[in-house]
Each structure stands twice: as C-alpha cells, then as structure tokens.
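With the hints as constraints, model all of the structure from the sequences given.
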Amino acid sequence: MPLATQRIIFWIGLLPLLAGAARVQTRDGRTIEADDVAILDNAVDVRGSTQTRVAWDQVTRLVLKPASTPPIEQASGSGALPQGWVSQDIGSVYRTGSAACDADGRFMLTASGWGAWGGRDSLYFAHRMLDGDGQIIAHVSKLDMAHGAVVAGVMMRQSLAPDALMAGACLYPSGQVRLSRRPYGVAPEFKDGDPVPDAAAWVRLARRGDEVSAFQSADGKFWQLVETRKVPIGGRILVGVCAWTTGNSWTGSARIDSVRVVAGTPALTWFADGGPLREGIVLRDGNVVACRVLSMDNSSVRYERGGKELSTPVDRVARLVFSPVPPDLAAPGDRHGVLLSSGDFIEGDVERVARQPVEWPREPQLKATVRSLLFGSRSFEVARDVICVDLAEVAPAAANYEVRTTDGSVIRARTVVLRSGSITVDGAAMADVAEIRKL
Amino acid sequence: MLRVALLVLAIAGGTAARGAPAVVDEATRARYAAAAQEERDLAARVRDEPAQLAGDYARYEGFFRDDLGHYKDAAGAEAAIHDQIATAYDHSDAAEVDRLRKEADSAAKVKLVWRERIAEWRVRQGTAAPSEHWYRDESRWLGAGARGDLDAFAEARKAAAEAWGRVAEACVPGRDAAALNRLKDDAYRADAEREIAEMRYNWARQREQIWQNKKVTSDELTRRLAELEKLQDQRIALRREEIDRDRRTREVDGQIRHAEKSFRESYDKAQKDAQDRARSKAAKR
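If you read the sequences in order, they're chains A and B. Read left to right, the first sequence gives residues 86 to 524 (our numbering). Read left to right, the second sequence gives residues 76 to 360 (our numbering).
Simulated from the structure, these hints should not be mistaken for lab results. In this text, a Cβ means the ideal position worked out from N, Cα and C, and glycines have one as well. Wrong hints could be hidden among the right ones.
Stated by the list, open to error - In silico DSSO-like links for lysine-lysine, alpha-carbon gap of 30 Å or less: (1) Lys290(B) with Lys315(A); (2) Lys177(B) with Lys147(B); (3) Lys306(A) with Lys150(A); (4) Lys336(B) with Lys177(B); (5) Lys150(A) with Lys393(A); (6) Lys147(B) with Lys227(A); (7) Lys289(B) with Lys315(A); (8) Lys315(A) with Lys393(A); (9) Lys227(A) with Lys306(A).
Claimed, not checked - Listed next, the stretches of chain B that the computed footprint assigns to chain A, with coverage defined by at least 3 CB atoms under 8 Å from CB atoms of chain A: (10) 138-148; (11) 193-205; (12) 208-216; (13) 227-239.
Have a look at this one:
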C-alpha cells in the first residue's frame, strides 16, 4: 500500500471513536448496531433487539466501547430547565432572578446582585450536581446591559450558602474573562475597561482535585488559560451557569448556550469531538502509546506508563501529546514545532522538553523549548500552553489491523485473534480494547 | 426668574380683560420679546439639566440609568411649558402666561423630585457601594489577619448602598413623606455602620502592617495590643454616641419643619378668617 494511503488510513484511525452504540461493520457493507458485543471463537455475537452472529473474517470494523461526548444541556422546550437542573438566587439580591432554557440549549438568566467576591456572594445560579472532577463549558452569547452592567458565566459551588467555597469563570462587560473564587487570595490585576458592545466569549471551568482552572476561548475550540488556583471544593458539588449585576440595584439578563458538563479529570484542552488520547506519544510507525511524557532531549523521550518509567529513542517519535488534540489536527503534519492551546502553531526545531524555572514561588515546571526562525528560542509551559509537540511525520508500518484501547493507545498489528471472551493482538492478550479496524 | 415674575405681574396688572390678548405699545412688545427669549433659553437649560447631571455623576451612572429617563421626561415636560410661555409672550397673552407659570412651577416640582432621587440618594448609594475592583485592590497587599475586617467592611458598604437605594426608590412624585423619612433613618443608620466598619478595617490593616510576623510575640506586645483595642472600642462608642445625637438632631429638625408648617397653616387660616370678617363687616355697611 502506498505511504500516502497508509497515512490517510492512519489519520482516519486517529479520529474519535464513533459515538453511540457498539457496532459491527461487515465486508458486505452492513452496519449492525448493538447494545453489547460478545467475543466468541473467531466470531462476534451482536446483541441488540435481535442477536446476530458474525464470523470474524467478515468483520471490517468492530466498535466495542464507543466514545461518549456529553450532550449539550437542553430543556424539553417548555422553557423549564433541563432535567436535573434547578435555579435560585444566592445571597441578598435586589430582585428575584430567573432562569429558563429552550430546546436548543439556550439558557436565559435574569439576575441582580453584587457578584461572586468578598465574604458573601449575591447572584443567580442555575445548576446540577457533579461528582468528583469535571468541567463545565459554555458560550456566553449575550450580556443585556440595558439597565446596567451584567456579568455571566459558569460556576462550581460547594453549596448554595452565600459564603460557600466556589469558583467561577465569568465574562465581564469589558470583555475580560476572570476567575472568581473563594477562598480569596492574591488576585491578578483587575482591568476595568469600557463595556464592549456585543461582548461574548466561550468560558470553561475545570476542577481537578482542589485545583480549579478558568479558560476562555473565542471559538469554543482553542482555549486560553485565565488562571489556576487552589479551591478545595470537596466531593459532590453544584455546577452550572450564573449571572449578576455589579451594583445590586438593577436587573440584567444574559444568554448562555452550548452548556456541557463533562465528568472526569479535565485536561488543558477540551474539544467537543476530540479523540480519546489525553496524553501520550505518537510513534513514527503509527503506533500510539498512552502515557505521561516526562522529558525529551536530542536522544530520547522519557515517559511513564502503568507506574513505570520508560524511554524510547527520539528518532522513533513523531509527536508528543500533552492534552487532547483537535480532530482536524489528529495526525502530525509535515510541520515541526509546538501546537499551543490558543491554536497557534510555533514552527521550529523542538530542542527539549524538561523541567525549567517559572515565576516565583512556583516549582519548576515542564517546558517545551522550540527554536524558530521567527522568534528564536522560546519555552512554553506544557501544563498551561502546550497541546502537542510535532517532531516528524508518521510513516505507518505495514499492518493488517489497527487496535485502539480505551486510553487512546493505538496498536498496528499483524494478527488479531478472537477467543471466547478475549482478544489477542500479535500474540498478546489485550484488555480495554475499544475498537478494531481491518486495514 | 425675579425679572420674569415682575414682568408677569406687570402684564397681569396692565391687562384690562383677563384671557384676551392685550393691545400693547412698542416698548411693552419689546419687553415681551425679551421675556419670550429668556423663557426659551430657560427651556433649553431645563432640557440640558439631565445630561449635565449625568455627566457630573458619571461614575455612579449604573445606579441611576433607569432614573435618568424619568428625569428627562420631567425636564422635557417642564421645558415644553416654558416654550408655551414664550409663545404666550409672543401673543402678548398675559393671562396665559400667568396660567402656564403655575403649570411650570408644578412641573418643576416633579422634576426636582427626580433630580433629588439621583443627585442626593443615588449618589449616596453609589458612594457607599463597593465594587469587585475595589475589593481586589484592597486585597492585594492585605495581611491575612485583616481579611475578616475587609469582608465586614464590604458587607457594611453593600448594606448602606442598598439602604440608600431604597430611599432613592421611595423618592417619587407624590411620595409618602413619613415612609421616606423612615427609610432615610434606616439608611443613615446603615451608613453609620459602614463608617464604623471602615474604622475597624483601617485599624486592622494598620495592625497587620506593623505586626507582620505573628510568630513574634511578647507580654509587652500583648498588653499594648489590648490597650490599643480598648481605645479603639472607646472610639467606636464615641462614634455611636455621635450617631445617636445626629439621629436625634434629625428627629428634632423634622419636628421643627412640621411645627413650622402647622404655624404657617395657622397663620394662613387666621389671615383668611380676618379677611372674611372684614368683608362681611363691609357688606353690612
């Protein structure tokens, strides 16, 4: 098979898993959807409303664990909130607020209040529950400031008490997105600009342990980190959309759409249709190893997988992935350099990835250093800025199968054998197989 | 205004038949023309008042944006009457000028209520109101030990602003004076609490600036701090006495105003009675 064709197949393979149910595609062009797929000896049982047995040599694609992107939060259309959502004022407010949501997922909040700062909050909050880590993403599409300034965005709270621990990523009339939080600490400079007509922004609030990060975006695709702070909100929390006016003497409204609540540990980036690989190494032969990259120099890449520290020669590596990659950039291209979370690609030779000093009082952090013709040598903090580092193109090795696991690893295999209840890939039994494609 | 009033009296006195346009000489016509121009200038100034006020208090604009519409409407209504007065002067219609002047006075009273709402109460609300920007600036170099005092000060500012806001909202044409006074009293009290919270916060901030390292302690230091806090409590007690005295002063001032009004009404009634008696005596003769 020509290299170009192999690259296309590889690129298609890196696209996200098909959402929806498990499924089987066959040589004769049929797609059989299933609630469950059972692995038999050289066959699969597709179990849905009916049960169909398909011989393994007739299968071209087997999806065992489809991707599940959380849907946009939508109401039934009656103007009420989506199922599981409730809303109320928090703290002392000038006028009782309200929240409604339509069938397209457009939330309309009416609110007054002083805001989320100081000892006690006063605002309007529409919310649902979230267990553990997770993130909320939304598009603040309109701040109606006919009566005065309005602030709106997304929020996480320990409780509905006005003095509860909380964090918010909210759009201000000046167009700035800020991280509100309790407990309060040293805050960055507060820029009070003139109100921007038609101010709008995508906002994202991610909770990872007791660390909360606020992001903003112009397109809902590439994100800029606003701030990361410690906010020890524990266990089950309230997550949702919020709004307030700044003087608690008028009411204002805000329109917020495309609200998604995504459970699970968040990464630097988030894409609605992003691939399952969160962190890892794409090798030049087309295999992908889900792992945590520790460093890279001119000879090797060190990484951690399954609690073990390993290394691989740098000349085998095509890409280092630090955060989910947007679908249209799923495969490394012919450019070398660093793809930033803002969407910028800094083209150049990546010299190293290593712990380097950052501003006081933070500990040294992992940084990627790239030398470009345009900017000279620049370093980017991986946890704050870097999606991936591209070192070389992929030249996929010959293979008969592509096997993807749930952590995003991809194995290009010569043989895949089905035995009752187990899958053997190139002679090794594999758990957590999400998808198998015949090439 | 005095000139205009005198001119109105002159016209009223010089008009033989009330309501009918007077036949006037050239000199009077010239005076009327000048008065008409003055009235038109006044109308323009009245129309400009809301914009000027909005400019003067632009930093509190968020608090009175909705009120400004009422003020503009009231100012526009008054200005329209001044324009009508000017037209009446053009027609040498003294009776119409006289009638419209009373209308203008009523319209001006309505306008002044809206002006008071903004210039007096909304401005107090805006001055008392804290902002997130202010809070962040105050927090920037604040010692941890003063955080609670800053939060208390912020809450006291919010409470005072809300209380002034309630006064502003009750300040409408045809307002209930007694209810308004009660709200004002609440607002003065909340504002006094704001001042006390500010005193406490400033002391706490100064204490934190001096006593930066809490590991540094001594008996002497503890004694001095207790002494300082005792004096600060005394100062607050003094301020509370002042606040109470101010409240009593306002109360007595209110009673004086009420008594003056009753006195004036009594005089007007006595005067009317005297006139009635004189009229009836003359009729008997």
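Which numbered hints fail: Of the numbered hints, all hold.
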